[in-house]
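Trainee: The task is simple: from the sequences and hints, build the whole structure.
Spelled out from the first residue to the last, the chains are:
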Amino acid sequence: MATHSILSPLPGTFYRRPAPDQPAFKEDGDTVAVGDVIGLIEVMKSFHEVKADCAGRIVRFTVDNEDPVMAGNPLVEVEL
Amino acid sequence: MAIRTLLVANRGEIAVRIIRAAKALGIRTVQAYSDADADSLAVRLADARVNIGPPHATKSYLNIARIVEAALDSSADAIHPGYGFLAENAAFAEAVAAAGLTFVGPSAEAIRLMGDKVSARTMAARAGVPTVPGSAGRVDGLDAGRTVVAETGFPVMIKAAAGGGGRGIRIARSMEEFERLWPQASGEAKAAFGDGGLYLERVVENARHVEVQVLGDGRRAVHCFERECSLQRRRQKVWEEAPFAGLAEDVRASLCSSAVALAEAVGYSGAGTVEYLYDDATGAFFFLEMNTRIQVEHPVTEMITGIDLVGEMLRIAGGEKLRFAQADISRNGHAIEVRLNAEDPDNGFLPGPGVVNDFRVPGGPGVRFDTMLYDGYSIPPFYDSLLGKLIVWGEDRPTALARLRVALGELNIGGLKTTKSLFARLGEDGDVRAGKFHTRWLEGWLEGQAGGKQ
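So the protein sequences, as listed, match chains A and B. Under our numbering, the first residue of the first sequence is numbered 3, with each subsequent residue one higher. Under our numbering, the first residue of the second sequence is numbered -3, with each subsequent residue one higher.
Incorrect hints may appear among the rest.
Claimed, not checked - Distance windows between CB atoms, simulated:
#1 A:ASN67 with B:LYS186: 20 to 30 Å
#2 A:GLN24 with B:ARG176: 39 to 49 Å
#3 A:GLN24 with B:SER417: 34 to 44 Å
Said to hold, decoys possible - Okay, derived cross-link-like pairs now, BS3-like style, lysine-lysine, Cα gap no bigger than 30 Å in a straight line:
#4 B:LYS186 with B:LYS55
#5 B:LYS19 with B:LYS317
#6 A:LYS47 with B:LYS416
#7 B:LYS19 with B:LYS55
#8 B:LYS432 with B:LYS233
#9 A:LYS47 with B:LYS186
#10 B:LYS413 with A:LYS28
#11 A:LYS53 with B:LYS413
#12 A:LYS28 with A:LYS53
#13 B:LYS416 with B:LYS432
#14 B:LYS233 with B:LYS186
#15 A:LYS47 with B:LYS233
#16 B:LYS413 with A:LYS47
#17 B:LYS186 with B:LYS413
#18 A:LYS53 with B:LYS55
#19 A:LYS47 with A:LYS28
#20 B:LYS416 with A:LYS28
#21 B:LYS413 with B:LYS432
#22 B:LYS55 with B:LYS317
#23 A:LYS47 with B:LYS55
#24 B:LYS432 with B:LYS55
#25 B:LYS413 with B:LYS233
Stated by the list, open to error - Non-contacting residues of chain B with respect to chain A, defined by C-beta distances greater than 10 Å in every case (computed):
#26 ARG24
#27 HIS52
#28 LEU97
#29 GLY242
#30 ARG248
#31 ASP276
#32 LYS432
For the record, the hints were derived by calculation from the structure and aren't laboratory data. Built from N, CA and C at the ideal position, the CB exists for glycine as well.
Mentor: Quick look at the structure:
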C-alpha cells in the first residue's frame, strides 16, 4: 500500500488542536480529503493552517502536539 | 544587598539590554536559554549560560519551576524577567522570593493589584488619577449595566475584568446593542479567562496612547516624563516617541504627577509605566492601565533623560534607595523608536524567520540600535518577531525625524523581510511629520496604502 507524508510548509511549533480545550483536528486512523486541516503551525505568534495535500487514511502523526518543526519535516503519514 | 549574580530569564534584544546594564554595574550575568536559543547573542555575551528546556515557551521561558531551579543551580541571587513571558506574573515573583532570590521588579502584591483591571482602576481613582467614565468596578448583571451606561453614554466598551491585550472587548453604540452584547461578553469572558466578570468604559474616540515612565523604591516614586505611542497596528505599538510633542506644559505636569501618585499608592518598586488615553480635542487624559515591567519602548525615555532605566531597576532591586529627586530629572530634545519586526509589510505583515546576512547597523550622533541580530544568526520561529529597535535622538522632533531617515537608509538586514520599509514611508508622511495621529490612524493609513496600489 502506497503511503504519503504531509510535510510542514513552515518552520515553527506544531499544534494538533484548534485550541487547548478542543479535540484534535485528526486522529490516527481517520480518513482525510485534500484540503482538510490536519494541524496548525505557529510561526512568531501567528497561526497557519496545515492542509492535507492528498486523500487517504492517517497511519500516524510523526510529530507530537507542541513539538518544534522545520519546513519540510513530515507531520503525518497517510495511506493512499 | 547588592546583586552579585543575575539570571536573565528572557531572550532576544531585551536579554542583551539587561546583560549590558548588569555588566556596567559589575554584576555577573547568567543567561537562561531554550534549546532554540543556544546560539543567541545574549548567550554569547553573558558570563555564563543555563539551559531551561525545549523551544516551546511553556516548557522553557514560562516554566516557573525550571527557571527558579536554574537560578539556584547557577548561584544567581536575582532574576530579571524582562518583558512578556513571566514579567507580570505574580506567582513567578512569589516563587522567586520563596526560593530566597530577588525578583527584579515590584512586589507580587503590586503586580496582582495592577494586573486586575478592576482593582487597578479602583486604585487609580483612589490616587486621584482621572479614569474613563464607566463602572466603578465589576458590574453585577445586565440591570446594573443599564444604569451605568445611562450615565456614561455611548459608545461604551464592555470589557472582561480578567482580560488584557485587547481581548474580550465589545463596543456597544446603543442600548439595544448593549443588551444584545452583554450576555455574549459574559459567556466569552467565562470561557476565555474562567471569570465572567465584566466592567464598562466609555469609548474615547480618536484618542492618543500616552504613557508615563515611573521609578519607585517602594516608598517614594519619580517620573521620567511621558511617551507618545499612538502608532499601533492591531493594538501593538510600532513607533514611539518621547516626549509627546503636542502636550501643553500644565497638562504634562498633572499627567506625570498623577502617575507618581499611583506608583506611591501601591508602594511601587522598580520601573513601571502608567498608560493613559489622551483626548486631543479637550486635553483630557484618562487612566488605562499600569504595566509593572520594563517596556519595549523604554529607550526613548533614556535618550531624553540620560537615565539607564534597566540599571536603575537593578540598583533598586539590590536594595538602593532612589538616587533621584524629581527636580534632578530633566528632559532634553526628542527621541523616536521604530520596531524592526521580521514581518513583510507588503504582504499583510506575514511573519517569517530566516538567516541574517549583510547586516549593517546605522550610527552617528543620536543613533542607537538595540538588537540581538548578528551576521549568520538563524532567527528561531518560536518567539515573537521583534528583531531590533532603532532609536534616534535630536535636539527637536524635526531633527530626530531627519536622523531617522538617514539611519533607516544605513540599516540593512539581509536574508528576511522586515518592517524597515514601512518606517521609511511613515517618516515621509505629512500627518506623521505634523504629529497628527491617534491609535486607529495607522490601520487606516495602511488600508489607504493597500488601496492605492490596486
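Trainee: Would the hint linking A:LYS53 and B:LYS413 be met if the CA-CA limit is 30 Å?
Mentor: holds (25 Å)
Trainee: For the pair supplied as a hint, A:LYS28 and A:LYS53, is the alpha-carbon distance within the 30 Å limit?
Mentor: Judged against 30 Å, a Cα distance of about 11 Å means the pair holds.
Trainee: Hey, B:LYS186 versus B:LYS55, does the alpha-carbon distance stay inside 30 Å?
Mentor: OK: B:LYS186 and B:LYS55 at ~26 Å, within 30 Å.
Trainee: Has the given pair, A:LYS47 with B:LYS186, been kept, meaning a C-alpha gap of at most 30 Å?
Mentor: holds (24 Å)
Trainee: Taking only the CA atoms, is the gap from B:LYS233 to B:LYS186 under or equal to 30 Å?
Mentor: holds (28 Å)
Trainee: Does the no-contact call for B:ARG24 survive, Cβ to all of chain A over 10 Å?
Mentor: holds (31 Å)
Trainee: Confirm or reject the claim that A:GLN24 and B:ARG176 have a C-beta distance inside 39 to 49 Å.
Mentor: violated (26 Å)
Trainee: Need the status of pair B:LYS413, B:LYS233: alpha-carbon distance at most 30 Å?
Mentor: holds (19 Å)
Trainee: Is the straight-line distance between the alpha-carbon of B:LYS55 and that of B:LYS317 30 Å or less?
Mentor: violated (36 Å)
Trainee: Given the hinted pair B:LYS186 and B:LYS413, is their Cα-Cα distance within 30 Å?
Mentor: Given pair B:LYS186, B:LYS413 is violated - Cα atoms ~39 Å apart, limit 30 Å.
Trainee: Straight-line Cα separation of A:LYS47 and B:LYS416 no greater than 30 Å?
Mentor: Holds: A:LYS47 and B:LYS416 sit about 20 Å apart, inside 30 Å.
Trainee: Evaluate the given range 20 to 30 Å for the C-beta pair formed by A:ASN67 and B:LYS186.
Mentor: holds (25 Å)
Going down the numbered hints, you'll see the structure goes against 2, 10, 17, 20, 22, 24, 27, while the others check out.
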